[in-house]
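Asker: In case you want the letters, here they are:
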Amino acid sequence: MTDWLGPAEWTALWLSLKVAFWATLVSLPFGFAAAYALARGNFFGRQALNVLVHLPLVMPPVVTGYLLLLGFGRSGPLGELFENLFGLIFAFRWTGAALAAIMGFPLMVRAIRLSLEAIDTGVEEAAATLGASNWRILRTITLPLAWPGILAGAILGFAKGMGEFGATITFVSNIPGQTQTLALSIDTLLEIPGGEPLALRLALVSIAIAAVALIISEILAQRVTQRRAL
Amino acid sequence: MLQVSVAKSFDGFSLDASFDAPAGVTAIFGPSGSGKTSIIRAVAGLLNCDRADISLDGENMSGLSPNKRNMGYVFQDARLFPHMTVLKNLRYGGTHDEGAIIEVLGLGALLTRYPASLSGGEKQRVALGRALMSAPKVLLLDEPLSALDGPRKAEVLPYLEALRDQTSIPILYVSHDMGEVARMASRIVVVDQGNVVLSGDLHDVLADPAAVPFLGISAAGAVLTGRVVGHADDGLTKIETGAGALWVPGSVGRAGGQARVRIPAQDVILSRSAPKDMSALNVLSVTITGLEQGKGPGVAVALRAGEARLLARVTKRSCEVMRLKTGDEIFAILKATAIAPSDVS
Chain G
35 MTDWLGPAEW TALWLSLKVA FWATLVSLPF GFAAAYALAR GNFFGRQALN
85 VLVHLPLVMP PVVTGYLLLL GFGRSGPLGE LFENLFGLIF AFRWTGAALA
135 AIMGFPLMVR AIRLSLEAID TGVEEAAATL GASNWRILRT ITLPLAWPGI
185 LAGAILGFAK GMGEFGATIT FVSNIPGQTQ TLALSIDTLL EIPGGEPLAL
235 RLALVSIAIA AVALIISEIL AQRVTQRRAL
Chain E
94 MLQVSVAKSF DGFSLDASFD APAGVTAIFG PSGSGKTSII RAVAGLLNCD
144 RADISLDGEN MSGLSPNKRN MGYVFQDARL FPHMTVLKNL RYGGTHDEGA
194 IIEVLGLGAL LTRYPASLSG GEKQRVALGR ALMSAPKVLL LDEPLSALDG
244 PRKAEVLPYL EALRDQTSIP ILYVSHDMGE VARMASRIVV VDQGNVVLSG
294 DLHDVLADPA AVPFLGISAA GAVLTGRVVG HADDGLTKIE TGAGALWVPG
344 SVGRAGGQAR VRIPAQDVIL SRSAPKDMSA LNVLSVTITG LEQGKGPGVA
394 VALRAGEARL LARVTKRSCE VMRLKTGDEI FAILKATAIA PSDVS
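These protein sequence lines map, in sequence, to chains G and E.
With our numbering applied, the first sequence closes on residue 264, and no number is skipped along the way.
With our numbering applied, the second sequence closes on residue 438, and no number is skipped along the way.
Check before you lean on any hint, since a few could be wrong.
To be verified - Each pair of labels, with its calculated beta carbon distance range:
1. E:Asn141 <-> G:Gly211: 55 to 63 Å
2. E:Glu152 <-> G:Arg173: 23 to 31 Å
3. G:Val85 <-> E:Asp104: 25 to 33 Å
4. E:Glu422 <-> G:Asp154: 35 to 43 Å
5. E:Ser344 <-> G:Glu252: 55 to 63 Å
6. E:Lys388 <-> G:Val85: 22 to 30 Å
7. G:Val97 <-> E:Ser107: 47 to 55 Å
8. G:Val85 <-> E:Asp242: 46 to 54 Å
9. E:Arg410 <-> G:Asp154: 49 to 57 Å
Said to hold, decoys possible - No farther apart than 25 Å at their CA atoms in a straight line, the calculated lysine to any residue pairs in the SDA-like style are these:
10. E:Lys161 <-> G:Thr155
11. E:Lys409 <-> E:Leu363
12. E:Lys181 <-> G:Ile184
13. G:Lys52 <-> G:Leu122
14. E:Lys181 <-> G:Gly156
15. E:Lys161 <-> E:Glu191
16. E:Lys161 <-> G:Ser167
17. E:Lys181 <-> G:Leu177
18. E:Lys161 <-> E:Leu180
19. E:Lys409 <-> E:Thr382
20. E:Lys230 <-> G:Gly156
21. E:Lys161 <-> G:Pro178
22. E:Lys230 <-> G:Glu158
23. G:Lys52 <-> G:Ile123
24. E:Lys161 <-> G:Gly165
25. E:Lys181 <-> G:Leu254
26. E:Lys181 <-> G:Thr155
27. E:Lys230 <-> G:Asn168
28. E:Lys230 <-> G:Arg170
29. E:Lys181 <-> G:Asp154
30. E:Lys181 <-> G:Trp181
31. E:Lys181 <-> G:Arg170
Derived by calculation from the structure, the hints in this document are not laboratory data.
Glycine included, every Cβ here is placed at the ideal spot set by N, Cα and C.
Same shape as in the complex, but just chain G (with noise of 0.2 Å):
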């Protein structure tokens, strides 16, 4: 079984993995901050705001990635920033390769958006008539309702995370090991002769992936519909 796929591809599936659940978990609640402010705010900016989330989903991955080395690289303004406060180096690291899924973050902002829209903000009303403060409303109303769709939006970040390949080959390259992920390994190995078949077996694999993501996220939306239902 461990020789159906070789051990640079089983670490390209590794990276993935990590890379595409760090990138999910770090990005959610920046996701959820902006996808609130979209659906609720009543501000100035906020049509700024909705262009800047979007802007990775319609500009070409290589300016996201381009655009990611002049921030984050090692000599950018953001990757001394992260270098010097939190010893966070982003260039040519896993790391980096973590920060370059952003190019999800529009899906998961669109999703929890949608979500929040959804809800009936006369229960929040109903909630603060009820003394409850605006956090307590956040944490036991809005949250709780919103959930399917900040779930969604966790599996599509995740999705789109793992295959993630413009901006991650511009700003940290294809290291093996390193940045190398999964979407990068197949195409290195349709580069090279009889790499064919393990590049099919690890498309397989990203299928699969993103098939029980999917999978997982439907059921459990649908135990929080079914509740309500009963």
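Place chain E on chain G using the hints.
Answerer: Okay, now just chain E, sitting in the frame of chain G:
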């Protein structure tokens, strides 16, 4: 005592309303779009106003956010939390008097269910219980029955009445249904196009002929409070009121208990002579105390019957033919069936 004075300009509509509400039920009555809901939203702090002076027993509430006002609010559409059981919904704002409230509202069998599986009437009862368990100092009811059909209304109304009789806090009851108002309220604030046009004791306002144009033809009419004398075998109930004994259809209340009778102004027929050989059961000897010409073809006639005041609406033509004037002693005929059972409590 709740004192309210609010103003806000909307697009093409401006709200400017001031009134007082002592303990007991104060109805806020008016047609759809007159600003009733905006008023109680302002009281609850849910509506940002240009001016909002709201004080309760002398304490200024205006600067407080909604969650600090301690006002129970029952919304037209219940607004239960869909992801919580009935019990969790009830306890969200507190557990004040939990056992008694669950008992009185008949919620015991619903506690483990989710709102999606409740009927409209059950939802409103839960919403009411939830508001009460937060131990509010003021209760705001926004058309709590309007989303319900006849039978569901009849299911919830007795709970509201029990509530009215058991609490001593101000209750604002928004409604456009005079039947409900006559049944529930002791005071009324009539709202039209964002302004308070009339307010005062329910019996006084409803017996005032000048109120007819603001209330509308079908809502105008006096409310009498009386005592149930007894029930006849043929399904009628005799109620002794200040105006005399009235027969109303249905078995209403129990003997010796209090009952209200609403007599819509358009259901009163006036006669110069004592009518004979008529199917109407209720004939009262009355004195005209005032006449109020409306803009339309109608005239509102204020009547005194014994200690009670009644209101009749007749056409200008009848008024002229009968030469009705203040001080005349005539007869008022109320068809017993004209007092709809839902208007009797």
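Asker: Run the structure past the numbered hints and jot down the numbers of the failing ones, going up.
Answerer: When the structure is compared with the hints, numbers 4, 6 turn out to be violated.
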